[in-house]
Amino acid sequence: MEATIEVRGLHKRFGPTVAVDDLSFTVPPGQVTGFVGPNGAGKSTTMRAIVGLDRPDRGTALVGGRPYRDLRAPLREIGVMLDASAIHPGRRARNHLLWMARANGLPASRVDEVIELVGLGSAAHRPAGGYSLGMCQRLGIAAALLGDPPVLMLDEPVNGLDPEGIRWIRGLLRSLAAEGRAVLVSSHLMSELEGSADHLLVIGRGRLVADTGVRELLASASGDRVELRTDQRREAMAVLTAAGATVAVTDAETLVVAELTAARIVELLTGSGVAFSGIAEHRATLEEAYMELTRDAVEFRALAGEAS
Amino acid sequence: MTTTAYRSRVETTGAGFGGLVRAELTKLVTVPRWLLTLAAAVLLSVLVAGLAALGAGQDNSGGDGGGPPVAHNPLEPFQDRGHFVHRELTGDGDLIVRVDSQEGGGWAKAGLMIRAAEEPGADYAAVMVTPEHGVRFKSGTGTDLAGSSAASPTWLRLTLTGTTVTALESPDGINWTGVGTVELPGLPAKTLAGLFVAVPDEVVVTRQFGTESISGNTVETTAVFGSLAFTGDLAPEWGEREHPTGPAVTDDRTGYTVSGTAVTVTGTGDLGPDMFSPDATRMTLTSVLIGLCAVISLAVLFITAEYRRGMIRTSFLVSPARGRVLLAKAIVIGGAGFAAGLLAALGSFALASAGGVVPPLPDLFAWPVLRALIGTGVMVAAAAILALAVGSLIRHSAVAIALVLLALLVPQVAASGLPLSAANWVERLTPAAGFAVQQTVARYDVAIGPEAGLAVLCAYAAAAMAFALWRQKRRDA
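Here the protein sequences come in this chain order: A and B. Numbering of the first sequence is given in my numbering, commencing with residue 1 and proceeding in unit increments. Numbering of the second sequence is given in my numbering, commencing with residue 1 and proceeding in unit increments.
Just to be clear, a hint being listed does not mean it is correct.
[Claimed, not checked] Covered, in the sense of this in silico footprint (three residues per stretch, anywhere, with C-beta under 8 Å from a C-beta of chain A), are these stretches of chain B: (1) 15 to 27; (2) 227 to 239.
[To be verified] Estimated spans, in silico, between C-beta atoms of each pair: (3) B/F467 <-> A/G9: 28 to 36 Å; (4) A/G129 <-> B/H396: 18 to 26 Å; (5) B/F467 <-> A/R69: 19 to 27 Å; (6) B/L51 <-> A/W168: 55 to 63 Å; (7) A/E113 <-> B/L43: 34 to 42 Å; (8) B/G55 <-> A/E116: 42 to 50 Å.
[Unchecked claim] Derived, one-sided and incomplete: chain B residues facing chain A with beta-carbon distance under 8 Å: (9) A117; (10) D201; (11) R471.
What the hints contain is simulated information worked out from the structure, not anything from laboratory work. Think of the CB as a built atom: it goes at the ideal place given N, C-alpha and C, for glycine as much as any other residue.
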């Protein structure tokens, strides 16, 4: 069985609130899959259901083809980081990893390996109570890697890391995926996933909004728009809107033009004698693409919040 | 895109229940504060027992009202008292007497006795009649056989053949019925044979919260014996052994008069188990209560700390079978509790023995003492498991600790302020019944046997665990 996470028709409600609503997806191996959605979209509930911490009302979640509860040594099947600060403050970091290793019959030598791998080294012999958020995140990742699992599921791993740490974790996630592992990483900020995720699962109000490759998403969000740089902004806008284009101002010298091709824009501007310093196909950021995707979900949420 | 499925390169050995127990043990010993708590539980218990022994040694130096020690075995306190009027008997003998009348209350005793010597605790055998409890045959501290329900006047007979003493009774002095036979191998060639009377002291027990005071009022009994017929090699002169009286008794009316075959004997003191003797072992082991409180707090924290920090989710991630996590925790905290309880009990007992407490402690290797010491370990273990289960159910440290401490300690305190019958039921039905395992002496206020009491506590722990396991499966972590 291929090492993946499969979620089918997952449904979970807490009292009157539906947290996850008929959610289905598969996390493919060999890729970093971003699991994105606004706060409260149901990411954490889904992840907790995958590892059996929450009991879904309907639907199934499988890890490597089996329900989590059936795994004998789960650390060898899936590495999970849900809440990195959930450590007893009086226990040394190394001992925290040690009891986990013992529970799954993993050798103690593996504990020292993952400590080196996440760069905790000397800090591993200090009580975890004195750890910064960033160090807790590293310890949580070490715990996830303890069993050298083919599947990884990390909830907001970038949270609390400094820029150096963010660069480090991006590299780590990419290299783990390159080894053939399935890596699921959640975030409420799309920008955090830029440059690391290959695939995206976008979730809003407990429903899957998009299940798409990062490249395809960017292409569709960029659309056929053209980015124009000019210091004669007003004139350019007049000419282009007259020709039927939709024009958006992004800063003092930049316009984003839709409904017209780049060639037609050049033709129109040169014809009207409007000078421009640059023209290029518009490249959307992941953030923009995400905002577009989740706008409906977020708006609905705001309305629902007012109504209740 | 083709990718080869990744496989873990880390080998696993023993991911079963043993691994879980090792994991929970690792958790317990890697929080320095918890280890300190365990060590303090043992040390404080022993220390307090030592201090108590020191204090007891000074306060009780007066002893038991000036009288000689009555109990030869502290684990089976026995009053070998009463008034004994005797003649020296060499070899076999046959004693017959009719008890014509007796007074002194329902448990007054009048009858025949053969004993090795006058000293309390010497071998003896006696047949007696009581006003309300029929004919009885007693020997040593353990033999107490009931005969018919006859009261005076009635005939009693005691025969000595070799070292065998046989007791008989008869309504008419003609037709004899056996009451009992006892073998006394230690009986010397010259024994003391004669008449005795005995009667329990009137004991007034005043119980207040946490304390009890026992005062005894001496009761007199008088019996009139007739048709005295002793056969055998008997010395002609009569001797007398009386129950020693304290300095408070001024008008001593005890004694005997012989006129022909009729004898009147008046005396005080009882022949029978002493239900009011202190249980020195249990008193010494009271100090383990301190360690018990510490272990209970630790056992609750062992699970609630995980809930408070969200670490319980990590535990359930590592072992998806939640019941096994709780069971592994129970084994580890139960083991730690047993070790701490046993060490605290052993240490307290050893220190108190060395400190020379009054009354003296019995031998460590006597079964009731061993049972109390090992039982204390089991009691602490059961209390720890109960605390773990309550912690798992309530998930709030302070509330869970308070609840378990109340369940264990309130019955103890409340019982000492309740009437004895109510107190007994409280001590039988609450988890506090577990403290009964520390009993080494049968006393008037024993509510439940040591093993049964421990079983009650264990049943509470098991029920709480079962409920916690059942609830845990149905809740989100």
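Comparing the hints with the structure gives:
no.	hint	verdict
1	15 to 27	holds (count 9)
2	227 to 239	violated (count 0)
3	B/F467 <-> A/G9: 28 to 36 Å	33 Å, holds
4	A/G129 <-> B/H396: 18 to 26 Å	21 Å, holds
5	B/F467 <-> A/R69: 19 to 27 Å	22 Å, holds
6	B/L51 <-> A/W168: 55 to 63 Å	59 Å, holds
7	A/E113 <-> B/L43: 34 to 42 Å	39 Å, holds
8	B/G55 <-> A/E116: 42 to 50 Å	58 Å, violated
9	A117	66 Å, violated
10	D201	58 Å, violated
11	R471	14 Å, violated
Figure legend: structure checked against the earlier numbered hints; hints not met, in rising order: 2, 8, 9, 10 and 11.
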